[in-house]
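Guided by the hints, dock chain B onto chain A, whose structure is given.
2 protein chains.
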Amino acid sequence: MALRWGWGSASASAPVLFSLLARSRRRRCHHTITTVGSGKEEEEEEDARAILGPDLPDIWSPLPTSLPRPIPIPILDISAPAPPTIIDGNSIAHQIRSHISTHVINFKTSYGKVPVLAVILVGHRRDSQTYVRYKIKACNDVGITSLLAQLPHSCSEDDVLHSVTSFNQDPSVHGILVQLPLPQHMDEERILGAVSLHKDVDGFHPLNVGNLALRGRRPLFIPCAAKACLQLLLRHQIDLVGKHAVVIGRSKVVGLPTSLLLQRHHATVSIVHAFTHRPEEITREADIVISAAGVANLVRGSWLKRGVVVIDVGTNPIEDPDSEHGYRLTGDVHFDEAVKVASAITPVPGGVGPVTIAMLLSNTLDAAKEACRSSV
Amino acid sequence: MALRWGWGSASASAPVLFSLLARSRRRRCHHTITTVGSGKEEEEEEDARAILGPDLPDIWSPLPTSLPRPIPIPILDISAPAPPTIIDGNSIAHQIRSHISTHVINFKTSYGKVPVLAVILVGHRRDSQTYVRYKIKACNDVGITSLLAQLPHSCSEDDVLHSVTSFNQDPSVHGILVQLPLPQHMDEERILGAVSLHKDVDGFHPLNVGNLALRGRRPLFIPCAAKACLQLLLRHQIDLVGKHAVVIGRSKVVGLPTSLLLQRHHATVSIVHAFTHRPEEITREADIVISAAGVANLVRGSWLKRGVVVIDVGTNPIEDPDSEHGYRLTGDVHFDEAVKVASAITPVPGGVGPVTIAMLLSNTLDAAKEACRSSV
Numbered sequence: 001m002a003l004r005w006g007w008g009s010a011s012a013s014a015p016v017l018f019s020l021l022a023r024s025r026r027r028r029c030h031h032t033i034t035t036v037g038s039g040k041e042e043e044e045e046e047d048a049r050a051i052l053g054p055d056l057p058d059i060w061s062p063l064p065t066s067l068p069r070p071i072p073i074p075i076l077d078i079s080a081p082a083p084p085t086i087i088d089g090n091s092i093a094h095q096i097r098s099h100i101s102t103h104v105i106n107f108k109t110s111y112g113k114v115p116v117l118a119v120i121l122v123g124h125r126r127d128s129q130t131y132v133r134y135k136i137k138a139c140n141d142v143g144i145t146s147l148l149a150q151l152p153h154s155c156s157e158d159d160v161l162h163s164v165t166s167f168n169q170d171p172s173v174h175g176i177l178v179q180l181p182l183p184q185h186m187d188e189e190r191i192l193g194a195v196s197l198h199k200d201v202d203g204f205h206p207l208n209v210g211n212l213a214l215r216g217r218r219p220l221f222i223p224c225a226a227k228a229c230l231q232l233l234l235r236h237q238i239d240l241v242g243k244h245a246v247v248i249g250r251s252k253v254v255g256l257p258t259s260l261l262l263q264r265h266h267a268t269v270s271i272v273h274a275f276t277h278r279p280e281e282i283t284r285e286a287d288i289v290i291s292a293a294g295v296a297n298l299v300r301g302s303w304l305k306r307g308v309v310v311i312d313v314g315t316n317p318i319e320d321p322d323s324e325h326g327y328r329l330t331g332d333v334h335f336d337e338a339v340k341v342a343s344a345i346t347p348v349p350g351g352v353g354p355v356t357i358a359m360l361l362s363n364t365l366d367a368a369k370e371a372c373r374s375s376v
Numbered sequence: 001m002a003l004r005w006g007w008g009s010a011s012a013s014a015p016v017l018f019s020l021l022a023r024s025r026r027r028r029c030h031h032t033i034t035t036v037g038s039g040k041e042e043e044e045e046e047d048a049r050a051i052l053g054p055d056l057p058d059i060w061s062p063l064p065t066s067l068p069r070p071i072p073i074p075i076l077d078i079s080a081p082a083p084p085t086i087i088d089g090n091s092i093a094h095q096i097r098s099h100i101s102t103h104v105i106n107f108k109t110s111y112g113k114v115p116v117l118a119v120i121l122v123g124h125r126r127d128s129q130t131y132v133r134y135k136i137k138a139c140n141d142v143g144i145t146s147l148l149a150q151l152p153h154s155c156s157e158d159d160v161l162h163s164v165t166s167f168n169q170d171p172s173v174h175g176i177l178v179q180l181p182l183p184q185h186m187d188e189e190r191i192l193g194a195v196s197l198h199k200d201v202d203g204f205h206p207l208n209v210g211n212l213a214l215r216g217r218r219p220l221f222i223p224c225a226a227k228a229c230l231q232l233l234l235r236h237q238i239d240l241v242g243k244h245a246v247v248i249g250r251s252k253v254v255g256l257p258t259s260l261l262l263q264r265h266h267a268t269v270s271i272v273h274a275f276t277h278r279p280e281e282i283t284r285e286a287d288i289v290i291s292a293a294g295v296a297n298l299v300r301g302s303w304l305k306r307g308v309v310v311i312d313v314g315t316n317p318i319e320d321p322d323s324e325h326g327y328r329l330t331g332d333v334h335f336d337e338a339v340k341v342a343s344a345i346t347p348v349p350g351g352v353g354p355v356t357i358a359m360l361l362s363n364t365l366d367a368a369k370e371a372c373r374s375s376v
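As they're listed, the protein sequences go chains A and B. Each residue of the first sequence is one higher than the last, beginning at 1 in this note's numbering. Each residue of the second sequence is one higher than the last, beginning at 1 in this note's numbering.
Isolated chain A (complex conformation) (with noise of 0.2 Å):
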């Protein structure tokens, strides 16, 4: 009897089992995106297919009880203690900008127009309108135009949703971004699902979630962070298929959708979040930790396993008297205790956030891809 614990051929390297699997997967994915045909279209499909995972089916096969168990196989050698891996955002941001650019200049040759996002901020919030500027200024850099439309806090949820109505209408503008959070006054959720599925390049439409959650389908959007997350692990060749991942916090920017991205890529997947009792013991299973909390410092040394990998969605202002504003940022995982156990890990700055912003280009990108493909 042939004895499959898991991913037996744990070797087999992503890009082999997606080049095995694309003829399956292109019969099952169902999306609206225009099908295969040219280069261009083959590579994004690859892109898209990178992201989401290799298709691979449930086969058990239950290991007799009178058997030795299976010799563990290590995540990460641990054997010889390396220095940990700083898994540098920026740079791995820079590459997928410059990439983007060189699209957004094809697009303009074949399209005659450029990619337009088009951004909603209410109220003023100095983070929100830094997160904002940090945006614009990267659609300014690699050619997307942004148009944004700036209320005040005191400004109805009607209001709001005017504006979201007109840029769905507006033919002219391929994605749409509602800043988080709106003020309390507003319902959030309706705001956001009044966003056209097609602009929804943060990827919070239920549809998207949906097809995001179901093996087999594709989303039009992946949210920007959970995307980004991905894009750090597969460029580090961070295998995944039967990894014990723990994902911290369940919000629908970041825990929710990386929580399914990693199911996608058949990770074995917890979600901790504010009512988890002892988080730490869960945690300290992990083979990857992914932490979107918000809380800084949360996660401390003492919460993980030798040689695990950490990507810090956490972006926590804390007060710092030497710095120029008083304050600076903080991860939600505690780096100086984490660096001395983990293989690899995001600082912050400098890690998820980068990497988040590039993937709102992308998704733009193929927003206005879309459009542009399908009013031919």
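One or more hints might be untrue.
Chain copies aren't distinguished; within one or between two, either way the pair holds.
To be verified - SDA-like mimics (lysine to any residue), calculated; alpha carbons at most 25 Å apart, straight line:
#, residue 1, residue 2
1, K305, E280
2, K113, I51
3, K108, H94
4, K305, W60
5, K113, S251
6, K305, R284
7, K305, E281
8, K40, R125
9, K137, R306
10, K340, E46
11, K305, E285
12, K108, K137
13, K40, Y134
14, K40, S101
Everything labelled a hint here was simulated from the structure, so no lab data went into it.
Coordinates of chain B only, in the frame set by chain A:
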């Protein structure tokens, strides 16, 4: 500093929470179901809220590492060993079906017609035929009309799509069920995706799945087996908030929606599948195990923590020369071993199965009510 790790007031009961949070949820829930009004509709609203779980905000209160660890709150009192509760699915299903019978009579009085479920069965698999027979009998027993479209194994995908479309367009049909699995030569996702969202009583439509995944939103339908698992847990007053639930299997029929629903109830969820390395280790950490792998006796007693609650969704035929048909049904869990360790456990048969069928009747009734209300 007030410390709250997980759910500090673990004794607060779900009904209290539902009541406390009713007002805020009513505003935040987005669904196409008619707004509450009459007593009957309020009752339905309460039922739906109970199944989807209380809406609790995530507030992290990190524990300084210098303080001693909080004392673990045991999920169940294991100091005085008691015989485990055998969760009686037949009895719970009977209660639910009586309730549905009454509502079907009321529906007939209100609208002058009865709910109608259309079932599409392709091919001649013996297990599928048996399941369909059970479902049709259950419909008859509660006064729901059933229609059966039976297609040969050799029919084309388009033939099945044609059946789906006919039922979609027929206003007298309220719910549509495509019995799975479909023959290999058919694209299951394409066929399921064709079922009208408002008749999707199996809850497999990606919009329903997305609305199940996103807290604050409400799907029109929740997959029947997932809803059945929650019914069994809730009716036995098993506290879920912060508990570690391990879901074994990740199909769209059971594992995926159950993991999403448990998250809506604020459990800490881990999803184990065929690629999980050493699934017994993570399962042994669970307070609640829900198994839907489809492998007879996969989960042994040694996989379980003392006091665990076990919900076994597996229905696996195994050879048995002593039984009438030469086989009998067994679960994913080795019952005789598990019963010595668990505090509560479902048998197979007579556990999740009958409640799953009751949930199909419940979804069909909901679909019929919604169709009639929206056509008024």
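Structure-based check of all given hints:
1. In this assembly of identical chains, K305 and E280 lie within 25 Å of each other by CA distance both inside one copy and across copies; the values are 10 Å within and 19 Å between.
2. For the homomeric pair K113 and I51, neither the shortest alpha-carbon distance inside one copy (27 Å) nor that between copies (49 Å) is at most 25 Å.
3. Taking CA atoms no more than 25 Å apart as the test, K108 paired with H94 passes inside one copy only; the shortest distance there is 21 Å, against 64 Å between copies.
4. Taking the shortest alpha-carbon separations for K305 and W60, only the inter-copy value of 22 Å comes in at or below 25 Å, while the best intra-copy value is 28 Å.
5. For a Cα distance limit of 25 Å, the shortest separation of K113 from S251 qualifies neither inside one copy, at 35 Å, nor across copies, at 43 Å.
6. In the homo-oligomer, the alpha carbons of K305 and R284 lie at most 25 Å apart both inside one protomer (5 Å) and across protomers (19 Å), since each shortest distance falls under that limit.
7. In this assembly of identical chains, K305 and E281 lie within 25 Å of each other by CA distance both inside one copy and across copies; the values are 10 Å within and 15 Å between.
8. In this homomeric assembly, K40 and R125 never come within 25 Å of each other (Cα to Cα): the closest approach is 40 Å inside a single copy and 44 Å across copies.
9. Taking the shortest alpha-carbon separations for K137 and R306, neither the intra-copy value of 39 Å nor the inter-copy value of 56 Å comes in at or below 25 Å.
10. When the C-alpha separation of K340 and E46 is checked against a cutoff of 25 Å, the pair qualifies neither within a copy, at 36 Å, nor between copies, at 50 Å.
11. In this assembly of identical chains, the alpha carbons of K305 and E285 lie at most 25 Å apart whether taken from the same copy (6 Å) or from different copies (17 Å).
12. In this homomeric assembly, K108 and K137 come within 25 Å of each other (Cα to Cα) only inside a single copy, at 19 Å, whereas the closest approach across copies is 61 Å.
13. Taking the closest pair of Cα atoms, K40 and Y134 never come within 25 Å of each other, the shortest separation being 29 Å inside a single copy and 51 Å across copies.
14. For the homomeric pair K40 and S101, the shortest alpha-carbon distance inside one copy (15 Å) is at most 25 Å, but the shortest distance between copies (58 Å) is not.
The structure fails to meet hints 2, 5, 8, 9, 10 and 13 from the earlier list, while all remaining hints are met.
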